[in-house]
Amino acid sequence: MIQRMAKVEILGLKDIAIDAIDVIHDQGTLHIEDLTERIGKMESKRVSRMEMDEKYAEHEVKLRMLRDKVGQMIRELNPPEDHLDKAEIQKAYSDLYSEDVELMTARIEKSLEEIERETREPVEKKNDLQVELSRLEKYSPIMAKVQPLTERVARMENMSSIALIIERKYKVILNYLNEEISKITDGECEIISADVDEESTAALVVFNRRYLKQVHDFLAVQDVNQVRLPSDLARKPIDEALEEVKIRINEIPKELERIDVSLQQATAKYTNKLLAIRNTIHDRMESMEAVPKFGQTDQVFIISGWLPEESVKPMEKALYDKFGNKIILTVTDIHEESDEEETPVVLKNNPFVRYFEIIYLISNYPRYGNVDPTIVFAIFFPIFFGLMVGDIGYGLIIAVAGFIVYKKMSDKPLASMAGFVMTVGGVWAMIFGAVYLEFFGDWIGRWSGIITTNAEGEDVVHYLIGSSKTIIRYPMDRLDGFTLFLGICIIIGVVHMTVGLIIGMINGRHEKNTKHILEKGGMVLVLWGLLLAISRFGFPHWPKAVTFIGALMIVAGIVIGIAGAGMGGAVESIVSIGNVFSYARLIAIGLASVIMAKAANDLAKEAGKGGVFGVIIGIIVFILLHGLNLVIGVFSPSIHALRLHLVESFGKFFEPAKYKYEPFKKTGGEQ
Amino acid sequence: MGVAVKTGLIAISAALAISIPALATAIAQGRIGAAMAGAIAERPELVGTAIILVAIPETMVILGLVIAFIITGLKTTVK
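As they're listed, the protein sequences go chains A and B. Following the working numbering, the numbering of the first sequence begins with 1 at its first residue and continues without gaps. Following the working numbering, the numbering of the second sequence begins with 1 at its first residue and continues without gaps.
Chain A on its own, in the form it takes in the complex (with noise of 0.2 Å):
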């Protein structure tokens, strides 16, 4: 359900604006109302925005700075996440903030320097040695390539070289390099190449050394790579130079584990102080950013919001007591569809439910003052996964992977969502497997004799209960029973889709929207005339009066949906005889799940059949085709259970909300 909130107004003396902010910020229940817009159009002059002092904007931008700095730190100090003790974190977050803004500065920046004298220099000493490795590393089989060309230049007298990089792609460019250098070295020139890997080609220019500087020019100027070796080994002969970045390659590893030693032990003494600093400084600077948002007289300031209900008493309680008579809170009332349609929502669901506002993860929150369906997704995802899936197997693997994910992944609260979902869309799989006898396909009820193969080739169910001319049966075979089920998929469309009109009409009636009623009303009639009307495919041997029932319900449904939403009413009323159709999907979709189960154990069978060898591969393509199946079993109907809501049933009614409820709070050093 969606949690009761109160509109309040907070007015209070402009001296103790500040300090009330923090207050405000300290309960951390206000949901700001940005009061720009408002004051905007206001005809009066006499409110306006309220401003920092300029006091407080210095603080602002060194709060800035400070926050810049923390974080660049704790990006090169990389903390590990599974390290983190909240406790002393929350401990150093106490120590660091104060109301003061230039007390916790100054502490702040005391802090940081003193974790800078102990980082500063192995920080910058890794990111030198690893940008040195990754320059030698890219040198040295370069090198090693162009080494012996240059050996052969070295023995050629008045001749001088340069090496280049080229990509292997742009190899054609040394012709023109080789024309254009031998027209400015009278053909006293020449270059020789060799592949370095996949994607470069170094290439040595060879030329008499009275043109060096025409060819250096000439090359500046053709933005072609050259290897320019850093400048301690630029002057040694290239073997020599070789052979030491060989060495600084194997060294450099050395060198960077030793550093790394130093600063994990100091990321382990910091990284607590480091991120406490971080949330102190971020909850300072939201209460700073905030201050925009409120408005402000000669005399007073405004601040606006909403809270829940439950909140407003210890909101008032805390202002009171620490400003007296210095500030007042007024509850407005929210009754108004544009202060509903304004008001930010939050939802207030039993443990079970809350797992199924994943939900709103690819939708809105619904819109304050109406139904919140979560409690419909709740029970109706799972039954249609179920339903689908249909399979103990696929049941039990689903069930327990989310189990796992549930378990293991508690602190990660989408992760944890999915988890629930999942187990329960699995336990559903399994209920309904055991409804349509299926254990990885067909092969529970062929190895118990229920499922055999006529001598024409076809697949003969052996009920336990009834026949497949009775509904009443068991196993309720999928593939036997499709007309059947293609008829319980329709009931469960018409009430599926029913629950969703019902809240559409408890909202128009929310709303003293009688055409919103009447529209929904008729297209309830249309859907259950629909379901009576085509009843006797089912039943024949009831009357045919049921039939003419039907019919009738459907026109009166469609003159009510006319009547209260115009020939717009006719057409939904007639658009939701196709939704429900669309149901059909729930039959559909298992069905050809099943197929592909049979087709795999089909196949693992005639595999099994051919000796030792055989039965390997049967295992294999059993494993392999019932994998594939249990994905695209997982990923397909949960796409189409979540289609069947938002579309199909969530589409009647659902007006998603503007705003989620985000309070102005402190991260108290917990983040």
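Note that these hints are calculated values from the structure, not bench results. A couple of the hints might just be wrong.
[Claimed, not checked] Partial list, computed: chain A residues near chain B (C-beta under 10 Å):
id, residue
1, F581
2, A584
3, A592
4, M596
Values in this document were obtained by computation on a predicted structure and should not be read as measured data. Backbone N, C-alpha and C fix where the C-beta goes; we use that ideal spot for every residue, glycine too.
Position chain B against the provided structure of chain A, taking the given hints into account.
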């Protein structure tokens, strides 16, 4: 008309019932997929919506599959 011809016609009808909507679905999904790929590049948070939108035209092929199944069921009534 012989049983074999009737059975053949039923099989062709069932094949058409699934294949034509399958093609239509493929065309629609291709277009939606391409559009959503562009949209996701701009706004990655639209992934969930994209999955739902891509699944929407699947109704055609699913109903095609249902009709194909109903048509193949006619086989038993051929005399």
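Among the hints numbered above, which are violated by the structure, and what are their numbers in rising order?
4
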